[in-house]
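Novice: Under the numbering used here, the residues of the sequence shown are numbered 3 to 439, in order.
Careful, some of the hints might be misleading.
Unchecked claim - Below are the DSS-like pairs computed for lysine-lysine, each with C-alpha atoms no more than 25 Å apart in a straight line:
hint : residue 1 : residue 2
1    : K346      : K435
2    : K347      : K435
3    : K379      : K347
4    : K212      : K33
5    : K379      : K212
6    : K245      : K279
7    : K279      : K29
8    : K346      : K379
9    : K212      : K281
10   : K379      : K33
Hints were generated in silico from the structure; no laboratory data involved.
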Amino acid sequence: MFSTVVHDLMVLMVFLLFGFILRELIKPLQKIFLPAGVIGGTLALILGPQVLGLVEIPETWSGMASPMINIVLTCMIFGTVINRSKMKTYMGAIVVVATTYFAQLFVGTLVGMGLSQIWSDLPYGWGIMTVFTFWGGHGAGSSAGTLFEEMGVENMLSMGIVLATIGLIVAMVVGMVLVNIGIRRGYATNLRDGGSGKVKADGGALPMEKRRSLGVSTVSSSGINGLALQICFIMLSMWIGEKLFGLLAMVIPQASNIPALLYGIVGAAILWAVMQKTKLDRYVDTTAVNTISGVALEVCIIAATATMNLTVFATYFAPIVIYSIIIIAVMIFICMVLVRRWIKKDWFELAMLFFGQGTGSAPSGLALARCVDPEGKAISWDAFGVATGVFTPLSSTLVALLPILAMQSLWACAGIGAAATMGLVLFGELVLKRTKL
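All chains should be modelled from the sequences, with the hints used to inform the complete structure.
Specialist: Printed below as a string of structure tokens:
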């Protein structure tokens, strides 16, 4: 079994490397910030049995998403801290990022329910995937899709990969249209005369001054390898969660239905709290933990993309297009209308940051903002960083909780989205608009 896993990972890493090489050579792939995992996975998908049949895709790839996402979700807990002072300082940006999230939750869920009345064979609850794909990207989309499939909803992982990829394309294509409109109308106040408004491709080897460590050793290597110790903490968290829910199922049989993806989250929350109380958290290197999470996410994305069910996109092409257009319209309204009403200084830069982030990924938002503020003079950069940093713990938690709630009631998810959106819009209109941050 071990030799099979090593062989299958070998093939997977070869395709991941091919994806990286293609991304380096084909500049448009860099400009839309398409990850190497998606490119390599798409290459494997095309060469595999679903299309050309030139390459045999290992059977284990279809089962890699769940354990890899379990690792990703577990890693997110370590080092989680919410800074209250920053929340107060950049309240306007926090309200904007929360509005984009909950508006997508509300509208996406309702649109999905409505389209399911026409296309009755759409996966149950697929509309809620907007906050995990457009807003969250391939990582959150893979996590939520895998969780839905563990609860019996077929093709959700493929739907997540499709929607997240569309989101990346939308972020840059539609985003660049908004950038050019804003420049022509004079919204880009920090753009010098002669600015091109072009996206700088993100590729090539990093210069020495921009390279950063993948982690540091917190103990002597004579006792244990530093990276191995971090892996031990992650696996211990998953083991604690598994045993805890196992004991809980003995008392409450219904607990056996709780998805295994929650085991690591609960275990990590317990372990991290204990380590902080006992001052043992100094043994954890969050940079190394994040590196491990990133590797697991790369494996998940390329495996999920390569084994994606192509019939999902072909069958549901029309509803996916309708759904995407509506979500894009919502994001344009929030970023180009509400942000302008609520934020006074450097509003357009902030709007581009949140449009890119809310339809594709944070790098997409940074790229769009760089087009209108190449020297980084706007205060929006700090506000964006603080807002996403404050909101990320909540959005990461909801990746695990919302699918479970959706299985109970889609109306509850839509209701939460509606209530939160209405409250945030009212706050924006009654407070932010008057104070003009």
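Novice: So, for every hint listed, does it hold in this structure?
Specialist: How the hints compare with the structure:
1. K346 x K435: Roughly 9 Å separates the two Cα atoms, so the pair holds.
2. K347 x K435: holds, 12 Å
3. K379 x K347: holds, 11 Å
4. K212 x K33: With Cα atoms ~20 Å apart, K212 and K33 stay inside 25 Å; holds.
5. K379 x K212: Holds, at about 20 Å.
6. K245 x K279: Answer holds: K245 to K279 is near 22 Å, not above 25 Å.
7. K279 x K29: violated, 49 Å
8. K346 x K379: holds, 15 Å
9. K212 x K281: violated, 32 Å
10. K379 x K33: holds, 22 Å
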